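Line by line, the protein sequences are chains H and C. My numbering applies: residue 1073 is where the first sequence begins, and numbers increase by one. My numbering applies: residue 1073 is where the second sequence begins, and numbers increase by one.
Honestly, the hints are just simulated from the structure, not real lab data. Wrong hints could be hidden among the right ones.
Which copy is meant is left open, because identical chains are indistinguishable; a pair holds if it fits in one copy or across any two.
[Stated by the list, open to error] As a list, the in silico EDC-like pairs of lysine to aspartate or glutamate whose alpha-carbon atoms are at most 20 Å apart:
(1) Lys-1155 <-> Asp-1098
(2) Lys-1155 <-> Glu-1168
(3) Lys-1155 <-> Glu-1189
(4) Lys-1155 <-> Asp-1204
(5) Lys-1155 <-> Asp-1130
Source: prediction; values computed, not measured.
2 protein chains.
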Amino acid sequence: MSEGGYEFDAATALGPEVDGGGRRMDVTPGWDINGNANGGYVLALAASAMRAASGRPDPVTVTAHYLAPVTAGPVVVVPEIVKAGRRLVTVSARVEREGRQLVTLLGAFGSAAAPGEPIYLGGAPPELPPVDQCVPRSPTQGPVEVTLMDRLTVFLHPDDASMQSGQPSGEGVVRGWFGFADGRPMDTLALLLAADAFPPAVFNLAGLPRGWVPTVELTVHVRGLPAPGLLRARFQTRFVTGDAFEEDSELWDSAGRLVAISRQYAFLARPS
Amino acid sequence: MSEGGYEFDAATALGPEVDGGGRRMDVTPGWDINGNANGGYVLALAASAMRAASGRPDPVTVTAHYLAPVTAGPVVVVPEIVKAGRRLVTVSARVEREGRQLVTLLGAFGSAAAPGEPIYLGGAPPELPPVDQCVPRSPTQGPVEVTLMDRLTVFLHPDDASMQSGQPSGEGVVRGWFGFADGRPMDTLALLLAADAFPPAVFNLAGLPRGWVPTVELTVHVRGLPAPGLLRARFQTRFVTGDAFEEDSELWDSAGRLVAISRQYAFLARPS
C-alpha cells in the first residue's frame, strides 16, 4: 500500500472542478506502456469523473474511443449528463489536454448489484493453476516497456505465456489472474482497468508482430460487484481481418461469478 | 423494389440541414416492433447522417445508447466531428425530437475495405440449410408485432426457430439468413440494421419472458465490405445476470467472409 492509501485510488482520484466545466484529473506516471497510459487505466480515470457526475455507484456499460496517446500529467475530464433515468444515468465525456481531445467516452451508470441470482449459460471461469504456478506478465512486450506491471499482479496461465518469449501458442487466448500489487480490493472501477491489463491475446497467434497495439474503441459491460480477491480473466481474439482485430474478455471474481465482459476494436502493431 | 428506389435507402435518406446544426431525418413507419423503431434501423439512420458528416464511406465501430423509444416521424440528428484523423474520423451524434434526446451515439468512420487478405482464426460462417428449408422470422414476438419483418428477408435455422412458437431450444443461439425483401444489395450501413434484426437469442433460453427487449447499448464493428447476396448471421447470448444480458453477433457475407460483429447490453422483457 502506498502512503495514504492504495495506488489505484490515488491514480483515479477526483480532482477539483475547473472553470468552463469539467474536472481536473491527473494521469499518474507508472500506469503506462512505453510512456503511453494504458487504455484500461485511462478508461477508469475518465469513468471515475463520469461516475461522480452521474451520482450512481457503478459503471454499467462504458465505451471509450482513443484519439491520441495519453502521457502522464494533468488532463481535464468533461462529463455531460445525457439522460438521468430511473435505473441508469447516461453520461458522455471528453478527456482533454490544452484544448485537445485525447479520449472520448459514452457510458451508462447505475448499480451493478444484480437483482436476483446470476444465471450462467455459456461459460465458466477459466481453470487456472494457483498463482505461484502461473507466469508473471512480463514488464516488456516485444520492444516496449510495460511499466504498468509494477502496479499490478497479473499472472498468466502457463499454456498462454510462451508468447512473452516470442513463442505464440497458436491460439488467440490469454488467461490469468488479476489483482493490485498493493492489495487494493476489487471494485467495479478496477474492472475497467482489468479489461485492458493483459498482454494482447493476438500475440498468441503466429506470424503477427508484437509491440504497441493501438486500441480504437473499448467497451466494458459490468455485470456484477466483484468479491474480494483476485479476478480470473480470459481474453480472446477470434478474427483478424486485414490489420484489424477484436479482443473479447470475460472477468470472473473469486467467488466464481461473472463480473464483466469487454470487447475492443484494435489494429495490429506495426512490424518493428 | 419500391417506386424510386429501395426501401432501406428511402428510410435512411439524408434530410436537409436544419438551423442550429444537425440534419432532419425521418424515422419511417414500418421498421418497428409494436410501434417502436427497431434499434438496428435507428442505428443505421443515425449512422447515415454521421457518415455524411465524416466524409468517409463506412462505419467502422459505432456505439448507440438508446434513451427512449423512437416512434415514426421526423427527428433531428446532430453529428459532431470529434477528431478527423488520417485513417478514421470519430463522430458523436444525438438523435433528438422536440429538443428531447432519444439516442446518443459515438462512432469511428473510415474504409471497411480490409487492406490485405482476411485471416479467420476462431470461427466460420454458420452452416444453414437453404432459405426454403429455413423458417421465416415471425411477424410477432410474444405479445408484440414485428412490422419490421415486412421489409426484410429473415429466415431462421430450423433448430433455432421453435422459440417463435414458445418452445425455447435451450441454447441461447439464433442463426439465419438476412436480406432485404426488395432485394436491396448489402452494404456496410445494412450491417448495422442486420445486427439487431433477429429475434433475441435469449428467447431460446427456457423460462425467460418474451416481448419487447430494451437495448441499453449496441456496438457494431464493421470488418469488411459485404459481397452481394444474403448474409449468414449468428447471434448468441451466453450470460444472463439478474435481468441483464449481452447478445453477440457475427455477420458473414455470401462469399463466406466475416463482415461485422456486434454486442449489445440489454434487459430481459418484463413478464407479460
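- When no copy is specified for Lys-1155 and Glu-1168, does a C-alpha distance of 20 Å or less occur within a copy, between copies, both, or neither? between (22 Å within a copy, 12 Å between copies)
- Within a copy, between copies, both or neither: where do Lys-1155 and Glu-1189 come within 20 Å Cα-Cα? Answer is neither; intra-copy 28 Å and inter-copy 42 Å both fail.
- Classify it for me, Lys-1155 with Asp-1098: is the Cα-Cα distance of at most 20 Å met within a copy, between copies, both or neither? neither (27 Å within a copy, 23 Å between copies)
- Task: Measure nothing new, just compare the shortest in-copy and cross-copy C-alpha distances for Lys-1155 and Asp-1204 to 20 Å and report within, between, both or neither.
- Result: This pair counts as neither: shortest intra-copy Cα distance 47 Å, inter-copy 45 Å.
- Message: Cα distance capped at 20 Å. Does Lys-1155 pair with Asp-1130 within a copy, between copies, both, or neither?
- Response: Within one copy, since 16 Å is at most 20 Å while 28 Å is not.
Of the hints listed earlier, those the structure fails to meet are numbers 1, 3, 4, in rising order.
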